[in-house]
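Each chain, written out:
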Amino acid sequence: MRWNVLRSSPKTTIERAIGAIALVLAALGPLVFNQYWAHQILIETFLFGIAAASLIFLSAYGGMVSLAQTALFGIAGVILGNLATRGGPGGTSKGLHLGWDPTVALVVAIAMTTAIGLMFGAIAARSIGIYFLMITLTYSVITTYFLGQVTLVSGFSGIGGINRYTPSWIGDLTGHPNRLYYVSLVAAVFTYVLIRYVVRTPFGITLQGVRDEPVRMSSLGYNVPLHRTLAFGFAAFLASLSGVLYVWWSGQIAPGNVDLPETISLLVIAVIGGLARIEGAWLGAFAFIIIQNYVRGFTFPFLGFGGTLFGGSFNTVIGIIFLLIVLISPDGLMGIWDRALAARSRVGRAGPSAEAPARTGG
Amino acid sequence: MTGFRLPRLNRRQVPLLVVGAAVVFALAYVLLIAQKPPATGGGNWRTTTFGSAVDDPGSFLRIFLDSITFAGALFIVASGFALIFGLMRVVNMAHGAFYLLGGYIAYEIQQAMTGQGFAIPTSQVNTWEWVVPLLVAAPCIAFVGFVTQQGLLRWNQGQELRQALITIAISVIVADQIIAHFPRATSTVAQKFGGNAVSLSWPGWTDRFVNLHVAGVHYSLARLVMLGLGIAVGLALWLWLYRTKTGMVIRAGVDDQKMTSALGINIQRTFAIAFVLGSALAAFGAVVWASQANIAAGQDGQWLLNSLVVVIVGGMGSIFGAAAGAILYAFVLNFSATYLPTAGADCCTQYSIVVTFALIALVLAFRPQGLFGRPG
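Residue numbers (our numbering), protein chains in the order written: chain A, 1 to 362; chain B, 1 to 376.
Please keep in mind that the hints were generated in silico from the structure rather than gathered at the bench.
Cβ coordinates follow ideal geometry from the N, Cα and C atoms, glycine included.
One should not assume that every hint holds.
Covered stretches of chain A (chain B as the covering partner; in silico rule of three or more C-beta atoms under 8 Å from a C-beta of chain B) [claimed, not checked]:
#1 120 to 128
#2 146 to 159
#3 256 to 264
#4 315 to 329
Given only the sequences and the hints, what does the whole structure look like? Please build it.
Structure representation (structure tokens):
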């Protein structure tokens, strides 16, 4: 492990400062922001940021762009919904209603999702690049159809009312959204720190070796598919955290939450933020959710037909922004930030930049 | 020594044997074991929708034909995807959106030609009114594909992931614009826009059942026409790829892009041709399948999945792979939908998607490059 705290460049100093400000702002969140911002936009940013971070982890350190993270996110939510909810009068209508203790259900949901992730990873581990993308996309679509068609565990309407069954050590989330806010914030920070830790462990270093030189690593005696599988399992674990937070936040999970548009949305989040750096996950989530919340009201001539009820503007705008990001800066906003800083330091005026992109969380 | 000795198995053969046994069991189940549900309800693990092939050959034949005819439509769509992928290494994630757009354009043309309302009765459609929508929709989508390839994909050739992301962005935009603008020319406001489900109609002469003289089965002529179209597309592609100069260049490009262009061949022109043709095949497939079933917003994902599964199973970038993948996928899909045990399941649960997943997992476990793909 390298302690580069002692010799940090001006760039890392700026980033640390921005990160610290973002963290302080986030910690004061419910006091600083109004309710809509704190309980809708920021919670959503934190939890989708975790899912996006799992995607970026695989891409940045494993060289695998996975479209299965949304599916794993949904799988965790569905398992939790099946295990924790109770049926009967006042209960939820769908699912198995096993009525387990929510803490046990939480642990089992995360463990099962990680196991499913390991299985997914093992199947896809020998394929790389574009093949990996295609295979994980089929995971995602198949999960959607599985949830839709297997009415025993979900069905098209999905499971509702999950947020009423939370562990006692977290307490009632529907009545106290600030609790959920801090749970999500802690989970986001935990995710960030955990990823930063894992990539510096021998496993993380080997994974980066596998990313760059799979053949060479293989001849050095490393088990390449095993490392890819384990990385995928780790990412599934992170995605499951996000899925659990999501069902606590929205209360429900349905095939519609993991379908192709949602899968693409998560990819858009990760790409807007930047596929090369973990911080991009929350930056991308923040940007995406702001667009989602504030562009919905607008209509653009020739792009929509006035209403936003049936498609129309929002997805087109997201699609165009996505296209522009991919065309202009394939490593997203974080890439723009890196290049802007590099350009400034070349000019020799390195210093805090006024137009620094806002960062939230982690 | 006279006793029979079991051959020693090495580690690699064990999973192969397990898979072999599973496949043999599935075949035996469909052919011999399956039983119709008893009239009293209930049943056991042998209970399925239909009886086994031996007891109930009519149903078996019908499902067999359903599978093979669906494979025809599947092949038309997926071969376009495979063509683009095989030559250019571009995973055209917008293939499903192109499919959908092609289907809606054809629907608008057919509706305008027949002067019918929202639903177009087959009896009101003649051959011409089916062929013209096809001949309009396919070039339209070919043009969209051409613009995509020339404008957005040509200059970043070789950056596979970036190109996949670009086509995803296009699919998002196209799919959303379809919802905003189609179907256009419908009679009531409620049916207008929003990507409502619409269906094209086959020409009137296909709307009858052919007596096959086997087990008393009468089978839809339209579905047989669909199979015929699939075979025709396959044959045309084969002739084009293996018997013409352009096809030769394309196959050379698949094998070694740099060498092909070093020989003085304009590989960019070949790329454009492949992308245009691949996109047009998406529209062709859409017209065919929308005539049999329907098209609606959201099906872009389904057809992208279909194309992906066919290409992953069959092997990347091979026409035979696409055919084999389409047939295998169609059979797995149709047979698992009807022959999985139904006892104990509730009304609406369909486990066939799990079998599809198992198919992909198995193929990838043994041949990561697909059945007909070449490693590398």
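Evaluation of the provided hints:
Residues of the stretch 120 to 128 of chain A lying with their CB closer than 8 Å to a CB of chain B number 4, which satisfies the three-residue condition for coverage. Restraint check on the stretch 146 to 159 of chain A versus chain B: 6 residues with Cβ-Cβ distances below 8 Å, three needed, restraint holds. By the rule of at least three residues with a Cβ nearer than 8 Å to a Cβ of chain B, the coverage given for the stretch 256 to 264 of chain A holds, with 4 such residues. Only residues whose C-beta sits within less than 8 Å of a C-beta in chain B count toward coverage, and the stretch 315 to 329 of chain A has 9 of them, enough to reach three; the restraint holds.
In summary, this structure violates none of the numbered hints.
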